[in-house]
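K.L.:
Chains A and B, in that order, give the protein sequences. All residue numbers for the first sequence refer to the UniProt record's numbering, where the first residue is 1 and numbers rise by one. All residue numbers for the second sequence refer to the UniProt record's numbering, where the first residue is 1 and numbers rise by one.
Each hint should be verified, as a subset may be incorrect.
[Said to hold, decoys possible] Derived BS3-like pairs: lysine-lysine, alpha-carbon spacing no greater than 30 Å straight-line:
1. B:K500 <-> B:K421
2. B:K514 <-> A:K64
3. B:K336 <-> A:K4
4. B:K219 <-> B:K380
5. A:K4 <-> B:K488
6. A:K92 <-> B:K242
7. B:K349 <-> B:K326
8. B:K221 <-> A:K92
9. A:K64 <-> B:K421
10. A:K4 <-> A:K99
11. B:K129 <-> B:K6
12. B:K421 <-> A:K4
13. A:K15 <-> B:K490
14. B:K488 <-> B:K514
15. B:K6 <-> A:K15
16. B:K74 <-> A:K99
17. B:K527 <-> A:K64
18. B:K500 <-> B:K74
19. A:K15 <-> B:K336
[As the list claims (entries may be wrong)] Where chain B lies over chain A, by a calculated footprint (3+ residues, C-beta under 8 Å):
20. 21-29
21. 68-74
[Said to hold, decoys possible] These stretches of chain B come out as covered by chain A in the derived footprint (C-beta under 8 Å, 3 or more residues):
22. 126-140
23. 395-405
24. 538-545
To be clear, the hints were calculated from the coordinates, so they are not data collected in a lab. Positions of the beta carbon are idealized from the N, C-alpha and C atoms, including for glycine.
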Amino acid sequence: MRIKDHPILNVPTEKNYVTFYFEDQPVCGTADDTIASALIANGFDVFGFTEHNHPRGFFCAIGKCSACLVEVDGVPNVRACITPIREGMRVKMQRGRGKPKW
Amino acid sequence: MVRHVKALIVGSGPAGLTGAIAIAESVGSGEEVVIIDEGIEPGGQLSKQTHKFFGHEGFYASTRGFEIGNLLVKKVKSLGVEIIQQSTVTGIYEDVITVYDRVNNIVHEYLADYLLIASGATERFLTFKNNTLPGVYGAGAVQTLMNQYRVLPGESFLIVGAGNIGLIVAYQLVQAGAQVKAIVEASSRVGGYAVHANKVKRLGIPILLRHTILEAIGKDKVQGAVVAGVDERFKPIPGTEKEFVVDAICLAVGLQPNVELVAQTGAKLVYIPELGGYVPLRDENMKTTVHNVFVAGDLSGIEEATTAMIEGYIAGYNIAQELTGKSFEDKIEKMKRELEEFRRGPFSKKVRDGLRKMGIVFPEGGYREEQQTDRGPVGKLRAIIECPEAIPCNPCETSCPTGAINVGGNINGIPQIDYSKCIGCGVCVMKCPGLAIFMIQEKEEYSLVGVPYELLPVPTNGTKVKLLNFEGKEIANGEVDHVVLNNKGKTHIVFLRVPKGYEDVVRSFRLPEKAEEFICRCEEITKEDIERVIDMGITDYEELRRVLRIGMGPCGGKTCRSLTLQIISEKTGRPISEIQLGAYRPPTMPTPFEAVVKSALSENDEVSENIQGGIENE
């Protein structure tokens, strides 16, 4: 859920929107979003599954805990919380430790 | 190609930024001083702090954390220091320092004459059932999302931990429009500042002491939490379990220093629980056991941002001294005196105890502890300071235009106010970072209470409100007398009219619940909307319909017409039978045009063919 109004912070009304894909579905974020913030803003709380099939989301949001690993354009182990979104980026849920590329 | 620099700083948080300023200013240029940081924007944890900082003006007291970050970054850049973001120092080897640049997906090699490691800390995790379920977040993570990205990861929260971070996050969540169901704290007392605890208590958020979380409920996402009381040994007491319906759980259970890089330099680590666990052994100049490696900030011991800034300066001046061979002892001494002053209070006991284990001794005490009992002359508009603990903070003293407030010398002292000098201007109320100063005035018929206010919406004069006490409990009805807006500092003062005798207990208010009573389901028009238009003088059903669109939705007024007539009758005192009923216009239900057209066609086969042909041709 995006914050619409805030007593202290400016909430920019003019936004540059960026479309990327999560699990092949188009998702709309803003130019300032990370993958994590854009997914959460669009109601996606589960970013992947562990080897033992437990759902995973973000936990620390500053690139430390590795809970939010996703696959970006075929590359696994990308930290969703500190990776800005790009137009057309293809983000997939990571299962376990990620599939090798070869 | 290996890049060789004079000073490499790891981390662009408060300690790294002030370290860079100290080096660049003293050396005379920021050339060959480089900051490497993992985040997307510089500022470290400052960027997500929306509250005003404690301390004194020299370290940006009463300025909000993210604004301090911006000021420091600007200064660093103006000195010519290069800040490299989205890059992680991945290894400190004997022959080279490796830095992974995420933007270009390449590893760069560095060498540096001096290293200042200010890599900060990581949030501690907690064990309970389902603790990895999405919806269980670190408190700092929630701050990052809401204050840096303007995204809320839930609507209703449970917070675990009543230290300063848990308390601050609770308050910030309410500012962002979320609901905080409770804060649970395993120990028997609030760990954070009383002024932070008071801010959340008077919003009505319960702080459950001697409670812990047992379980996160939910399959793919948090849907609730089970909490329970704990005994003296922190064991849950059976039978005390209760459930909270929340969609997010925020863990604020402490931080641990990020020591991996400093360990790789070969610097000695020591285990000191008071400082957060393993920390680098260092001297009072922030120098580790490796001659050219310095540390500052949370990495050197969990504390807070102001002392991190001071430590950054101390480390930076020492590095500059070694780089140039010149003496900056006067600057170093000044910063050491600042640290000494800041760390005298009761909240620094842990840090003092921890540093003593390293052989670094900080004195304690020397500040005023007694609270003022004089509440000033009755009838005069005046400030009331409710700042019960010794914390290092003095903006009330420095902002008062008449010099009426003093903290008694040491910055940790409890402030006192000289009522012969207080002119009731309210500047201290707007400046106090703890929102711990109020205004009161006893009048003939009622009393005025001015409360600091940093929420939305800002109420208008005359708004009827519920008056709340220190604990956020409703104690009386009142109304907003007037609001003193502070658009720059954003701490407004809302003056409330309270019943006489309530001036010492009313400390907050709640705006009337906007539970809407709908009359017209289709157009979502409320009873209040209709009454407002009637109050404007429009008492005719047809006129109301034109103004409000009531009865003009798909149902055609089937559900709302009689209710509206009743409201008109109540408001005007005219019996319903005397009120114009208004026209009943066809169709009585939404009818597809296709059906209408079909009926016309079936009467005239010739036309039918023409029309059908036309459609097909298109």
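K.L.:
Now look at each hint and say whether the structure bears it out.
P.N.:
Hint by hint, here is what the structure shows:
{"no.": "1", "hint": "B:K500 <-> B:K421", "in the structure": "holds, 25 Å"}
{"no.": "2", "hint": "B:K514 <-> A:K64", "in the structure": "violated, 41 Å"}
{"no.": "3", "hint": "B:K336 <-> A:K4", "in the structure": "violated, 44 Å"}
{"no.": "4", "hint": "B:K219 <-> B:K380", "in the structure": "violated, 59 Å"}
{"no.": "5", "hint": "A:K4 <-> B:K488", "in the structure": "holds, 20 Å"}
{"no.": "6", "hint": "A:K92 <-> B:K242", "in the structure": "violated, 37 Å"}
{"no.": "7", "hint": "B:K349 <-> B:K326", "in the structure": "violated, 35 Å"}
{"no.": "8", "hint": "B:K221 <-> A:K92", "in the structure": "holds, 18 Å"}
{"no.": "9", "hint": "A:K64 <-> B:K421", "in the structure": "violated, 52 Å"}
{"no.": "10", "hint": "A:K4 <-> A:K99", "in the structure": "violated, 39 Å"}
{"no.": "11", "hint": "B:K129 <-> B:K6", "in the structure": "violated, 49 Å"}
{"no.": "12", "hint": "B:K421 <-> A:K4", "in the structure": "violated, 43 Å"}
{"no.": "13", "hint": "A:K15 <-> B:K490", "in the structure": "holds, 24 Å"}
{"no.": "14", "hint": "B:K488 <-> B:K514", "in the structure": "holds, 29 Å"}
{"no.": "15", "hint": "B:K6 <-> A:K15", "in the structure": "violated, 40 Å"}
{"no.": "16", "hint": "B:K74 <-> A:K99", "in the structure": "violated, 43 Å"}
{"no.": "17", "hint": "B:K527 <-> A:K64", "in the structure": "violated, 52 Å"}
{"no.": "18", "hint": "B:K500 <-> B:K74", "in the structure": "violated, 51 Å"}
{"no.": "19", "hint": "A:K15 <-> B:K336", "in the structure": "violated, 45 Å"}
{"no.": "20", "hint": "21-29", "in the structure": "violated (count 0)"}
{"no.": "21", "hint": "68-74", "in the structure": "violated (count 0)"}
{"no.": "22", "hint": "126-140", "in the structure": "holds (count 8)"}
{"no.": "23", "hint": "395-405", "in the structure": "violated (count 0)"}
{"no.": "24", "hint": "538-545", "in the structure": "violated (count 0)"}
In summary, the numbered hints that this structure violates are 2, 3, 4, 6, 7, 9, 10, 11, 12, 15, 16, 17, 18, 19, 20, 21, 23 and 24.
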